[in-house]
Every structure is written in structure tokens, then in C-alpha cells.
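For this one, chain P is given, so just place chains U and H on it according to the hints.
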Amino acid sequence: MARNTYLKKVLGEDRLERLANTKVIMIGAGGIGCELLKDLLLSGYGEIHIVDLDTVTLSNLNRQFLFRKKDIDKSKSLTIAKAVQSFNYFNAKLVPHHGNIMDTTQFPLSWWDQFSFIYNALDNLEARRYVNKMALFLKKPLMESGTTGFEGQIQPIYPYYSECFDCQAKVTPKTYPVCTIRSTPSLPVHCITWAKEFLFHQLFDESESDLSNSETIQNETDDAQEIENLAQEANELIELRKSIKTTDASPFIEQLVLKIFKGDIERLLLIDTLWKSRKKPTPLDWSTYKAPVTGMLSDISNQSLLINDTKVWTVLENIYVLYKSGSILQRRIKSGKESFISFDKDDEDTLNFVAAAANLRSSIFNIPIMSKFDIKQIAGNIIPAIATTNAIISGFSSLNGTRYFKYNYDQTGSVDFTPISKESSTVFISIKPNKYITAAALVSPNEKCPSSSLLSRGVFQITEEQRQTLTLGELVEKLVKKYGYEEGDLSVIVGKSRLVYDIDFDDNVEKKLSEIGGIGDGELILVQDENDRLENLELYVKVTDEEREHVLPELKLRPKKSVGDDQSVETEEESGGDVEQVDGVVNENDAIVIIDEEDDGLVELDEPALKKRRIQVQSLA
Amino acid sequence: MSLCKTRLQEERKQWRKDHPFGFYAKPAKGQDGSLDLTQWTAGIPGKAGTLWSDAVYPITITFPEEYPSKPPKVKFPANFYHPNVYPSGTICLSILNEEQDWRPAITLKQIVLGIQELLDTPNPDSPAQEPAWKAFMKDKALYEKKVKEQAKRYVNAGSM
Amino acid sequence: MSTEEQLTNDEIALYDRQIRLWGMATQLRLRSAKILIINLGGVGTEVVKNLVLGGINSIEILDDSVVKEEDYATQFFLPDDESVVGQLKLPLVIDRIKELNSLVELTTNTSSLVKIFDDPKYFQTFNLIVATELDKSTIEKLNGITRSFNIPLYVAGVHGMFGYIFTDLIKHVSVSEKDAGNQLKEANTKITRTKTITEVSYDEKTNKEKITVLDEFIPISEIWKSNKLPTLLNKRQMKRLSPAVPLTFALFDIKKPDDVEQDVDKQILAEQGQRVCTELGIPTTVISEDYLEVFSRQAFTEYAPVTAIIGGALAQDIIQFLSKKESPINNVLILDSTKSEMPIYAL
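Protein chains in written order, with this note's numbering: chain P, 554 to 1174; chain U, 2 to 161; chain H, 65 to 411.
So here's chain P without its partners, still in its complex pose:
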């Protein structure tokens, strides 16, 4: 009898031994991370690295069961590694890293190379895309997972053998035109965005708000008078900001209220074109509120309003809350401890200010007022999250990831993912009267996927000294020789979209690589065949200390696929303000699968999925 008797029976002795000698990485130590780490530990993995840049907050504790109240504000990765020691029954080595996974200094490519499997437990698109790219560069298996509310999904990614994270278009956050926010709001979210991104930002935060950027405004508005007006509004706000440090609380707030909710609105009313087809706003009548607000301020018991998150405040109460929170923020700046304050949904003063300001603007524009609780959700881009969904999804994530180790891979050569990708599946929670989940066999990479189908990837290794002596022209020569482009007929793009070389543009060929921004350690270079014969090539620049000739990766570029109308990838974008997600996001566009006709003849309680695809998943783990 032993602790691992069950594991031996379920996974088999060979696999158990392999797992004990396996090093994996888990990225994200939040909702999914807590559950997943527990499952990985109890599955017998030998070494687990944990990366997270976040700290624990109170609202994590309803589901992130490895954190306690005393852990609030502490590093998630360090805390979680300590917390699980109490049940590290199989003596795994735990290595926490507090940091951003996209930081190439802390986590260079060589660091990634030590892991046999990547478990994602992330909460945002940007990091997911980045890790996906790393997995593709290094051809490492990646288990992707995400949840929101009752929904959740896993997607095993076997690079170039199955769809990668980018093979399916993702929903991008909804943005609103500046003019709707600044001049003509019609929904609570417009007023909340205004209060948070414009008013609060301009008054208290570090840099100028995007919403006052004249370039942006000119790109969007249709009215010279409006542009002028918006510029004036913003300038006056800058003046007001200057007065934060010099005025007392009362005059500061009064000036603010008079300007923002009266003066600005009255001026807005003068622009007739705006109100031809809209209901006119009503400026705040300060004279009727001044005395009652003063009265409220003198009664200390009114302070309970500030923590009453679920009450829908009246106009008077909103003014009161604006007054209180505004003067606290002013005091914080004046004290000199903070030179600026950024909006943070968990910083009560900032939230109160934004909620009250948003509500006052709403009432002026005949838009419903909301409770602070509801405003927080919109202002903080909060996605609901629960323990159970995370537990289920982490269960499937670890179970399907551990299936990979059924096979004994030769870690030295490149791995053939054919068998494992054939028997793996994506899993979605989809609770129906006749089933709890939906699974779909993995499919080959999307031929139009910009990340995995239309290009090859490799690491371009170079020393710092070589970077300072090699010219761009010489690099182009080497690329031509190595991969067989026609003389000079290729293009080189660095950074997001900066072209440094093509046949029509040779201004930079004499420059050293170090003189061309964008060819440093951890940066990406995109090389394209201008003759469309060879597929695209993406190079990851790795600056090493190793004293040897710079190395271009050994790759045989495949013929370029005729992609035809590849650009017409339709991304069915939907609204949804999820910029910062809590435990990840379920991408509705991914929900393309329904198992079989089990559903036929049944009344379903929710809507049928968009497309149907037959699948077969067979295999005994």
C-alpha cells in the first residue's frame, strides 16, 4: 500500500514514472490556476513552475481556495506555491515566478525550453496569444483553458498538428466613438466610460486621456463646433486639475460640479445639430442642491452611503458621494504621497468618484442611474467567476494534458504529435437536460491562420557584438542564401508593422542591425517572399553570449499556400466589454461543435450552436 496506489492503477506505472520526471509550467495562478495546480500536484508531476504577475484581492477568495484573507496584496505565484505545500503529497518541486510571462528578460526563450508541457490558466487575450506563439516557436504542447460564469472550455494545442489559439478569430472589446462618450451619451456605459476614462483620468491620472486627444476626436467627429467645444472642455479641466493642490475642498468640488454638470452641458446645448434627433440634456440645477448637500455633509452618519454598494443613489446622494470622494482624492494628491491616482475598481475612493460622476451625467442625459455595485462591473470590466466552473475546467485541463504522457516521447528529436492530437479533444461545458459537456475532436490548423498555417517559425541566434557589426543588407543576403529567396526579393518587417527592407526600399541596407530598432533580444522579425513562392518566416531574435557565428534556424520553407481570399476571414464580432477578464473568457466563436443527434427531438433550454460538426473521440486513456 502506498500513496500512489490509485495513481498507478489509473495512469499506469510507466506514465507515473514519466510524470515524476517531468517539468511543466502553469501560467496564471488565479481561478483556474488554484484548481489546476491542485490537480497537477495530485497527478504526480515532478516539477511545476508557476508564473503570475498579480496579487491576491478580496474578491478572489470566493473561488481561489488556496488564498486567505491574510494573503491579500501578496504575490499570487509565491503564495500559491507555499499554500500547496500542505498537500504536496508526491513531493513535487514547486518553482514560483512573480512576473509577466511576456517579459523576455525574465522569461527568455531558453527558459521556456526546459518545459515539456505548458498549462495556461490565464485571464487575458494578449498573454494567451503570446504563450501560443511561444508554443508554436518551440513546438511544445499547450493546454489552453478559460471560464466565464457557468461556461468554460479547454483546448489542447499540439503545434502544427491541431488548431492553435489564433486559428479561430476572437472577440475584440467593444469601443465607443469619442463623440458619443463626450457629447451624446445614450447608455449608462457611455457615462461610466466618460467618468472613468475622461473625467477621472484628466483630473487625477498621470497622462492625458485618449478621450481628449484632438487627433482622435478629429478622426471621429463631424462637427467643427463640437471639436472646438470638446477642446475647451478639456482645457478647462486641465485648469481645474491645476487647482487641486491650491484650493480647499469646497470650492474645488463646487467648481467641478458647476463646470462639468452645468457649464459644459449648457455649452453643449448650444450646438443645435447635436439635438435635432436626440433628447436635450438638462443641466444640473446647482442652486437647488447646494444647501441640502451642505446639510448632508454636516451629518457624519451619511457616510454609510459611501459603502452602500447596492442602493441606487438619488441625485442629491450622488452629489454627496462625489463631494466626499472628490475631496478625499484631492487630499491624497495634496498630501504629496501620490503624485497621481489611477482608477482602480478596488480603490473605493476612485470607484465612488466615478460612480457618482457617471450617475450625475446619466441623470442629466435622461439615462437610468445605477448602483455602485453595477457600475463597478462595467467600470472594472468584471467577469463573473465561480469555483465550480473552474474546478470542472481544471479537471478536464489536467486530465487531458496528462494524457499526453501516455506516450514516451524522445525529448531530443522533434515530436510527432499525430497520435495524441488524434485522440485529444476540446471540451466545453454546456449544460443541457441530456448532457453536461460537449467535446470535439481536434482539427488541423486553420489554413488561413496567421499564426500557425501561413508561416514557419524559428530562432535567430546572434551575439551582441555581431548585432553591432552585421548590416541589414548582409542579413538579407544570408536570408536569400539560406532559404532560397530570389535575389533581394523579400521584405523584412520588424515590430508591429515597420517595414525596414523590400525591393523598393533599400534605405537601410548599410545600417547595422543594432541601429535598426526592433532587432533586439526577444523581438520578432517577419520575412516575406515578395514573389509569393515561399511561405512567410517569423524569426525570434535571441541575443546570446555564446561566442559563435550567428545562426539562422534550420528550416525548409514550404511553398506558399495559395490563400486566395484569405483576407476575408470574417470575424463575427459581438459586443461585450471584457477587456480585463477574471478567469478567462469563453469565446463564443469557438463554439462550433455539437456532438451528434442526441439533441434531435429535444427541446433545448438554450439556443442551438451556429454550426454542427460530427466528431468521433475514441481512446481509453
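There's no promise every hint is true.
[To be verified] Below are the EDC-like pairs computed for lysine to aspartate or glutamate, each with C-alpha atoms no more than 16 Å apart in a straight line:
(1) U:K27 x P:D1082
(2) P:K988 x H:D400
(3) U:K14 x P:D1057
(4) P:K561 x H:E357
(5) P:K561 x H:D327
(6) U:K27 x P:D1059
(7) U:K14 x P:D1042
(8) P:K622 x H:E75
(9) U:K18 x P:D1082
(10) P:K622 x H:D74
No lab work stands behind these hints, which were simulated from the structure alone.
Here is chains U and H on its own, set in the frame of chain P:
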């Protein structure tokens, strides 16, 4: 996203291989000596035989990160005289509107040809500025005069 | 929900992310629920974790077992200390469970279930009972009591890569509000044999429909011998039916081997499996040789990812049941994680 840059270089290449006569389009050169593929300047020649002929009208084209899912922003100089151009210079054209007719497959060539077409066939149903729209609707003589004056200012603007 | 009952600010702050999902009313319902969890094995551990985090009013755990080496496969509240093997389990884990949420009242009971059966009034103090890893006769006895007291009962367990949830919630009405689809739901429509839409109201303004669903349950003793399975499956589905269904049923009639290293006798499992197939009215050919092999080896074993899935789905369904919003599992869920399948059958 690499789809954006791949596509932008493709547009540059296609433009080099084949672009309509009299037009030009090029990415902006940055201070670091690279070309910013998301910022282009282009010139639209007025069609021969129209009020707009004999001039090349400059536009700027800005591609967002989400391109080609989202359309580029295209602008004439501020206060450009045309019923469907906003005072800021922004062009009101359905193929450039994400919520209307923009499709990721629309090419740079189609965009500039669309704008050329718009020059002489304004859409009276979507006014974007007061002066040109009013004149176009009520005072054709004034409209023609203004357009021709403007054309003169852009006679040499399109030198490549 | 009575109007004077309200969540405190502390509760709202702690439960923020879930209140945003299921609302204050559900959170209040959870806060007033008293739940009994019978046996704290792998599934019990997961369920208790999830329910404590969710904010149930009070939970009593009933378990008289002692710590065994193999418990370390899944039971993460156990102290990592060899010397506790053989000691009574509950006193060793309860403090750790309490740490999860101080707002939940947690109590333990280390009496044996058999003894408590002599004084069934004990069960009456609970709104809901969750029993894990019980054999057939104990389930039937318990279910008899829960039926007589009108207490909803969940039964669950795992066998390695496989797991199950059985429900006898007697009778349950839930009202959900959904965005209306192209076709409105109609009252008096059967969703399944045991689930009926009894009422639909449509709000044009919000384009939402309120759907009332009535769930009717049968005693678990009738589930074993249900002949409804063939009516739920077409030919192709019957062909693809996971052998985990009859084999899970079969294991209720087989005793857990005393020696954990030992497998369940394949021959006995095959015989019991065939009997179950006959009783359920499905072909005996459903049971394949490789599944027999896997089931005989994995019977009664615990594997953390699977206990997490079953414990997650179980706690989720309990919360949904208490919220009276979504229609619960009715009445058998089988997890076959080797095929990534989790069907629910109305037997």
C-alpha cells in the same frame, strides 16, 4: 497581430505591381528610417471630364491594429470641400464603415477608386458638412465654383 | 426571499464575483441552506470545498472513517504526515476546511451511518443531503428516509477515470429567465420524460422569456431497473453508448476489495455488467473487453481531476437547485473522461 502586417505588405506589393493611373500611395517614413505600414499617404486624381479633373487630392490612410477586420481611417485635409467629407477631413463612405459595407477583402486599390468615384458623385443622403452639402443641394453654381477653386489648389499636389 | 433579509457589505464584497453571476437572491438562499455531506472521500472533499466557498449557511460532514494511505490521491485537506494513517479522518481535516470561509458553519459527525439509520430524525434537520461512495443497499435505505422526510438527495462517486451523479430531488420547480430565441418556448412541453415546461411568459420589452420547469424524480431504487434507457437512444447512439454506463451500475453490487492493490474480479464484473445490461434493456455487447479491463483495475480508485469534475458538477447542481433558477440534473449523470463524455439520462 501578424495578419495585419502580412496583409499590409501584401497591399504594398500589389500596389507596386498594379495601381490605377494617376494615383499614388506610400507608407510614411518614420524618424528611425523604417516605413510605417499603418500610416499611408495617397493621392486621388479627379476623373477627367469632371469638376474635379486636373488635380490630385491628397489623403491619409491609417490602418488600425485590427485591420483587416476593421477598416482603415481615410481623411482628406481638414476643411476639404465635399458634401460627404466632415470638417475634420474624414470621408463618409460606406465601404470604409465597419458597420456598413466594409469587408476584409476590400483592397487599397478599391478604396482609392471608391473615393475617386465619390468625388464627382456625392451622396446627398449623408451630408457631412454644411457648406458643400448646402451648395450642392441648392446652389449648383456656387458648388461648381468652389470645387473648381479647390481643384486649382491641388493641381500640383500629386507630384510623385 | 424576505425583504428584511439582506446580505452584509462583507458578504457582498467576498461573494462579489458570484453574486454578479447568480444574483443576491440566490446568495441569500445559499446562506439559509443546511446541508449534510455523507463521507469525505475524494468527491466529498471537492464538494465541501466548493459549497463552503459558495457560502452555504451550514454544512455537517458525516464520516466515521480513518485515514488510509490511498486517501492521499485526492483528499487535499489531509495533513502531510504518515503518522496520521489509521486515525479518525474528520478531526484531522475540519480546521483546514473551516479556513476556506469563516462565514460558513461547519460541523462534523463521526458516528457511523448505520447507527444513525436507527434514529432517522437526525436527517430531518437538513435541507439537502449529499451522499458519496455508498453501496446499493445503503443508498436505498438512505433514499427511503429522504423520501419519507421529503429531503432532496444527491448520490455521487468515482471509479478512476469514471464518475457518476444520481439525483432524487423528489419534485422541483425552477424558473429561469432567458433571452428569447427565434421560437418561443411553449407551456406543457416535455423537455425530457421527467422535465416539463409548465409555464412560459414573454416580456416583449426585454425580449426575455421566463420559463417554469417542473422536475419529477423517481426513487433511486427504481433507477437501477429502469427500462427507459433504450427509449432515450437511437440506433447509432445505442451503438456508441459508453460501457461506463452499465459497468458503473454493476459496481454498486460489487464489494470494494479490502486490499486496495487488488483489482475487482473481471469475471464477476462481466457477469454483473451483463445482468445490468439485461435489466436496463440494452444489448450485452455494449460492454467491451477493454472497458472491462479498465473498470476492474480502476474500480473504487480516486483520481484528482475526475473527483474535481464530479465534485464541481455536483456542487454546481446543488447551487442551481437551491437557487430555484435552473432545472437540475434529472436523474443520472455518467462521466466517461476517456471519451470526454458526460451524458445525463432520465431513467
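Status of the hints after comparison with the structure:
1. For the hint pairing U:K27 with P:D1082, the CA-to-CA distance comes to about 20 Å; that exceeds 16 Å, so the pair is violated.
2. With a C-alpha separation of about 12 Å, the suggested pair P:K988 and H:D400 falls inside the 16 Å cut-off, and the hint holds.
3. Between U:K14 and P:D1057 the CA atoms are separated by roughly 9 Å; this keeps the pair inside 16 Å, and the hint holds.
4. For the given pair, P:K561 sits about 15 Å from H:E357 by alpha-carbon distance, which is consistent with the 16 Å threshold.
5. Straight-line distance between C-alpha atoms of P:K561 and H:D327 comes to about 12 Å, which keeps the hinted pair within the 16 Å bound.
6. For the hint linking U:K27 to P:D1059, the alpha-carbon distance of about 15 Å falls within 16 Å, and the restraint holds.
7. Distance hint between U:K14 and P:D1042 is fulfilled; the C-alpha atoms sit about 11 Å from each other, no more than 16 Å.
8. For a cut-off of 16 Å, the pair hint linking P:K622 to H:E75 stands: about 13 Å separates their Cα positions.
9. Distance hint between U:K18 and P:D1082 is fulfilled; the C-alpha atoms sit about 14 Å from each other, no more than 16 Å.
10. Restraint check for P:K622 and H:D74: the C-alpha separation of about 12 Å stays at or below 16 Å, so the hint holds.
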